[in-house]
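*Asks:* Given next are the chains, with one letter for each unit.
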Amino acid sequence: MAAELGSRAMFVAGGTDLFPKLKRRQFEIDTVIGLDFLPREIHNGSNECTVDAGVTLADASRDAHVNARFKGYADAAGLVSSPPLRNAGTIGGNLCVDTRCNYYDMTYEWRKAAGFCMKKDGDICLVAPSSPRCWAVSSSDTAPMAIALDVMSLRLRATPEMRSAYVKLRRRGSIDFPIAGAAVAAQLDGDIVTSCRIVLSAVASYPLQATAAEAFLKGKRLDGEAIDQAAELAARPAKPLDNADLTHFWRKRMVRVVVEQALHRISDQGAGFDG
Amino acid sequence: MRDRPHPPLRGDLPGERGGENLKVVGRPLPRVDAAAKVTGRAMYADDLLPARTLHCRILRSPHPHARILSIDTSAARRIPGVVAVITGSDLPIKFGILPVTQDERALEHEKVRYVGDPIAAVAATDEEIAAAACDAIAVEYEVLEPVMSINAALGVPKDERIQDYGGPNNVHKFVALEFGEVEGVFERADHVREDVFFFQGNTHLPMEQHSAVATYIDGKVTLWSSTQVVHYVHRALAKVLELPMHRIRVIGAAHGGGFGGKTDPFAHEIIVAKLAMMTGRPVKCTLTREEVFYAHRGRHPVLMWVRTGVTRDGQITAMHFRTALDGGAYGSYGVASTFYTGALQTVTYDIPAYRFEGCRVFTNKPPCGPKRGHGTPQPRFALELHLEKIAHDLGIDPVELKRRNFVKPDTRTVNWLRVTSCGLEECTEKVMVASRFRERKKQAGHGMGFAISSYLSGAGTAIYWNDMPHSEVQIKVDRGGVTAYCGAMDIGQGSDSVLATIVAEELGLQPADVRLVTADTDTTPIDLGSYSSRVTFMAGNAALEAARKMRALLVEAVEAGGHRFEDVTFEEASILAEARFGTLATAGSYTPPKIAGPYKGSGVGPSPAYSYSACVVDLDADARTGLITVNKVWIAHDVGRAINPLLVEGQVEGSVYMGLGEALMEEQAFRKGLHKWPSMLEYKSPTFLDMPEVETFIVETIDPEGPYGAKEAGQGPLLPVPPAVCAALHDALGVWIDEIPVTPEKVVEALRRKEKGEPARYGPSAFPSIPYPPTIKVEPPPKDPSATAASI
Chain A
1 MAAELGSRAM
11 FVAGGTDLFP
21 KLKRRQFEID
31 TVIGLDFLPR
41 EIHNGSNECT
51 VDAGVTLADA
61 SRDAHVNARF
71 KGYADAAGLV
81 SSPPLRNAGT
91 IGGNLCVDTR
101 CNYYDMTYEW
111 RKAAGFCMKK
121 DGDICLVAPS
131 SPRCWAVSSS
141 DTAPMAIALD
151 VMSLRLRATP
161 EMRSAYVKLR
171 RRGSIDFPIA
181 GAAVAAQLDG
191 DIVTSCRIVL
201 SAVASYPLQA
211 TAAEAFLKGK
221 RLDGEAIDQA
231 AELAARPAKP
241 LDNADLTHFW
251 RKRMVRVVVE
261 QALHRISDQG
271 AGFDG
Chain B
276 MRDRPHPPLR
286 GDLPGERGGE
296 NLKVVGRPLP
306 RVDAAAKVTG
316 RAMYADDLLP
326 ARTLHCRILR
336 SPHPHARILS
346 IDTSAARRIP
356 GVVAVITGSD
366 LPIKFGILPV
376 TQDERALEHE
386 KVRYVGDPIA
396 AVAATDEEIA
406 AAACDAIAVE
416 YEVLEPVMSI
426 NAALGVPKDE
436 RIQDYGGPNN
446 VHKFVALEFG
456 EVEGVFERAD
466 HVREDVFFFQ
476 GNTHLPMEQH
486 SAVATYIDGK
496 VTLWSSTQVV
506 HYVHRALAKV
516 LELPMHRIRV
526 IGAAHGGGFG
536 GKTDPFAHEI
546 IVAKLAMMTG
556 RPVKCTLTRE
566 EVFYAHRGRH
576 PVLMWVRTGV
586 TRDGQITAMH
596 FRTALDGGAY
606 GSYGVASTFY
616 TGALQTVTYD
626 IPAYRFEGCR
636 VFTNKPPCGP
646 KRGHGTPQPR
656 FALELHLEKI
666 AHDLGIDPVE
676 LKRRNFVKPD
686 TRTVNWLRVT
696 SCGLEECTEK
706 VMVASRFRER
716 KKQAGHGMGF
726 AISSYLSGAG
736 TAIYWNDMPH
746 SEVQIKVDRG
756 GVTAYCGAMD
766 IGQGSDSVLA
776 TIVAEELGLQ
786 PADVRLVTAD
796 TDTTPIDLGS
806 YSSRVTFMAG
816 NAALEAARKM
826 RALLVEAVEA
836 GGHRFEDVTF
846 EEASILAEAR
856 FGTLATAGSY
866 TPPKIAGPYK
876 GSGVGPSPAY
886 SYSACVVDLD
896 ADARTGLITV
906 NKVWIAHDVG
916 RAINPLLVEG
926 QVEGSVYMGL
936 GEALMEEQAF
946 RKGLHKWPSM
956 LEYKSPTFLD
966 MPEVETFIVE
976 TIDPEGPYGA
986 KEAGQGPLLP
996 VPPAVCAALH
1006 DALGVWIDEI
1016 PVTPEKVVEA
1026 LRRKEKGEPA
1036 RYGPSAFPSI
1046 PYPPTIKVEP
1056 PPKDPSATAA
1066 SI
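As given, the protein sequences belong to chains A and B, one line each in that order. Residue numbering for the first sequence is 1 to 275, as defined by the working numbering. Residue numbering for the second sequence is 276 to 1067, as defined by the working numbering.
Incorrect hints may appear among the rest.
Unchecked claim - One side of the interface only, derived from the structure: several residues of chain B facing chain A at Cβ under 10 Å:
hint, residue
1, R342
2, I354
3, I412
4, E834
5, A835
6, R899
7, L902
8, N906
9, F963
10, L964
11, M966
12, E968
13, V969
14, F972
15, E1020
Claimed, not checked - Using C-beta positions, here's what the derived DEER-type ranges look like:
hint, chain 1, residue 1, chain 2, residue 2, range
16, B, E1030, A, I192, 56 to 62 Å
17, A, R133, B, D401, 38 to 44 Å
18, B, D672, A, R236, 46 to 52 Å
19, A, G122, B, R352, 26 to 32 Å
20, B, L324, A, G122, 33 to 39 Å
To be clear, the hints were calculated from the coordinates, so they are not data collected in a lab. Computed from a prediction, not measured in an experiment: that's the story for all the values here. Glycine residues also receive a C-beta, built at the ideal position from the N, C-alpha and C atoms.
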């Protein structure tokens, strides 16, 4: 069906992001193809956990096994939007959620008045007019965490030493997309970091991996000083622009804070596996 | 203050029911419309779909400021399903809520003044076709330089001014009044302080979008609308459609929230009526959320400068207050808003000499107007923080300094406002004790702040000058049933329940026994609408009078039959009375006392009674991020008497919610002439999770003129919240944020300045030079220490 209809059709899972975008004419299609038929189970193996794409964010965030083994992932799923939308929105949908920009996530009439941008109907980026590319912000909560956990096909692989944490900054306690976020997954031998992934949300047009901070932490004792320095390194490549809530100067400063908080959670957390 | 002796109530009927033996008044009964609202059975305007309804969409300006050179609707008219297309030439007559600012057209055909200004409208068989037709209308513009700030509006326009009336450049309105001699007093004061504040504009954000449906049958227009004021919509329709008022009927549909945002007559109401007349079919228009942001009429952004002289012990000797209001593109209520930014400072603090200069400017933004507290939250914010700072200068506890200056009951202020009941002291004591404010421990990052406020119980003068009542109620009793008729519009505040409670109290019934017919210009007598917190006081008094007359008829008939009224059922009494008198119908009305002062502009500010509030906010603030968490709010509100304490608490808590939103996040921001975020996701207002615990105290001062002593509750409790937040923030981090909303970046910046040894504040640095006209000097009213409410 999708092949037949081409760009005139789109898939819909929970629809919590797609339907508002259709109303705003960000996507102009004739047909939505429901994905209700997709499996929606969480399969817990001895050392890995597979989450079907159709699992709702609410179910993933509440699942006891996901919480015990992949705390950061459960937290990320539980911090998406609001309770009613988490009951409808899916894990697969949130991984694929469209990038956001407050020049783009507007009605057709507003975008027409502002001048269309390159993401839809126009040819320049209104946030960075001299740039050849779009600077809409990656706003998924679960995608950075999935990358940090090195997820393959929504298969969360646990080791006894795996710990994870997700910290989301947003203006309000509910509904808002992240304006800065840090997803951290780490394996520790005692309090020494043996491997670590730090992935930032809402600071670039894709989940941004903080490789310098990851390299710095490897082999280090995860104490306050190391966390401070790692957070500083992680924040450096973050380049928020003036296309999301609050000022981008402040958001840039907050990246360091969310990374610090996520690393402190890792430090304070028991191991994920059977922990 | 329940122990205060109860004054006699209006009317001289036997069996006064003003004592404490009230049966339903004062009880926390459910609203009379609770079930309909909760179950979704209430019929909102958008629920109405008469047979053959056409759907209307409106083409709006994409430019903030432009001349319209041409409008070509031919392509739109050719689209199948399009039944009618109209432009400004079809509705050329201007209208506006105030007689002095008739500056709006339902559709503009000469010039657009903000992004969202209506240009053309389409009626089609469905909404999508109407939207496509709007897209097919070709408009040619000559784009003009937009004016987007107060400072820009005060300067010479690059192209042309926005409106062709008002003061110099883009000034709309000046006010300059002086009560007593201010300057000499400043010279003699022990301490004089000046501050500058800014209160950002914000919008009402009602859950229900504006919606209207019109029919045209037998030469008569009927309009159902989500409005706060059926009477004013009625007047505007008559004017623009050039129809006599008896050929127009306006009905207030069930209401999903207004907060002042549905108090003007709106373009879409006129448009659907016109389209219904042209097509002969019902026409409906429900605004999108984005369009609601453009309809606006919300809180004016206001820049304020205040200078106050005090004695060494903190007694205010004189105050000079200046305001500059960013009014947006049209007049709306703006003239009144301008006066309000200077009117009510004196009803909380005794200010012996007072000078006020106000200036409203036009800008190319959606028009501002009345939002909950109309024109007074901004100066309240400035005044409360200014007095906090004076207290810090003098080393006096801010609460104590404010208390020393509280107005007293039964007095007249320097600007001739009559204060009757006043529960400021009681409210303050309630929140002080409950919050343990005085015992709080100094702890970095944690703070508590205090503020007070006051608000009108209805404006003492109507929008248009006349000597007629502001509210009228008719009661009909037949065969055991009672129906009350009133033009008042329940906008969710519970005014229907208040009317039913008053009638029920007088007739010995339960509120649910009273049928109500409200907000219908054909079938109900006049009420000016739900604005300025007027309905409980004014319609309540009218209902009381009508109900007492009805009670007198019932009592007379029952006693003539040899019974006591208390010994028969209502049904028996009504049958006896109907047999004795024939049709049982009574009427009551309310006209506010003529208490305005003897000067031009004195019509804004007087109210038959003022409510009072006091508030304490407890919060945590993080110095590194600037993030604020409000932990708890204690608020006490002098409502005179709570006719239904459940409704009063609801109004107070709703006010706290809205006040916190304004204090911490809400703002109408613009970028390149466009509203930056006309959506409920991006325009931030608090969610459930951002709402702290609220402890509410109802203080009853039994106002001598309110129905059973009642005053307002819907607006006043919002006002102390923003300044209390900022006072608490100063308590927590030692920085002043002199600008609303208090966002985390402003807190961080203020802390950075403090660290660098600069003034520990964030806010506007200066007040612009404004060419105010010469001040009108007004002699203050004589001080009479033996004054009573009746004599002042």
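*Asks:* Would you mind marking each hint as holding or not holding in the structure?
*Replies:* We went through each hint and held it up to the structure:
Hint status for R342 of chain B relative to chain A: violated, with the closest Cβ pair at about 17 Å, above 10 Å. Residue-level restraint check for I354 of chain B is violated (minimum Cβ-Cβ distance to chain A is 17 Å; threshold 10 Å). Nearest Cβ of chain A to the Cβ of I412 of chain B: about 12 Å, over the 10 Å cut. The hint is violated. Restraint check, E834 of chain B versus chain A: the minimum CB separation of about 60 Å is more than 10 Å; hint violated.
Proximity of A835 of chain B to chain A is violated relative to the hint, the smallest CB-CB distance being about 62 Å (cut-off 10 Å). About 7 Å separates the beta-carbon of R899 of chain B from the nearest beta-carbon of chain A, less than 10 Å, and the hint is met. The criterion of a C-beta within 10 Å of any C-beta in chain A is met by L902 of chain B, whose closest approach is roughly 9 Å, and the hint holds. The beta carbon of N906 of chain B comes no nearer than 14 Å to any beta carbon in chain A, farther than 10 Å, and the hint placing it at the interface is violated.
The beta carbon of F963 of chain B comes within 7 Å of a beta carbon in chain A, closer than 10 Å, and the hint placing it at the interface holds. Among the interface hints, the one on L964 of chain B holds; its C-beta lies about 3 Å from the nearest C-beta in chain A, closer than the 10 Å criterion. Among the interface hints, the one on M966 of chain B holds; its C-beta lies about 9 Å from the nearest C-beta in chain A, closer than the 10 Å criterion. Because the closest C-beta pair between E968 of chain B and chain A is about 14 Å apart, greater than 10 Å, the hint is violated.
Interface hint at V969 of chain B: violated, since its Cβ lies 16 Å from the closest Cβ of chain A, which is beyond the 10 Å cut-off. Look at F972 of chain B: its Cβ only gets to about 27 Å from chain A, farther than 10 Å, so that hint breaks. Because the beta carbon of E1020 of chain B sits about 4 Å from the nearest beta carbon in chain A, less than 10 Å, this interface hint is met. Separation of E1030 of chain B from I192 of chain A is about 37 Å and departs from the stated range, judged on CB atoms against 56 to 62 Å.
Taking 38 to 44 Å as the suggested C-beta distance range, the pair R133 of chain A and D401 of chain B conforms, at roughly 39 Å. Restraint check, D672 of chain B to R236 of chain A: a C-beta distance of roughly 47 Å satisfies the suggested window 46 to 52 Å. Distance hint check: the CB atoms of G122 of chain A and R352 of chain B are about 29 Å apart, consistent with the given range 26 to 32 Å. Our hint of 33 to 39 Å for L324 of chain B and G122 of chain A holds, since their Cβ atoms are close to 37 Å apart.
Going down the numbered hints, you'll see the structure goes against 1, 2, 3, 4, 5, 8, 12, 13, 14 and 16, while the others check out.
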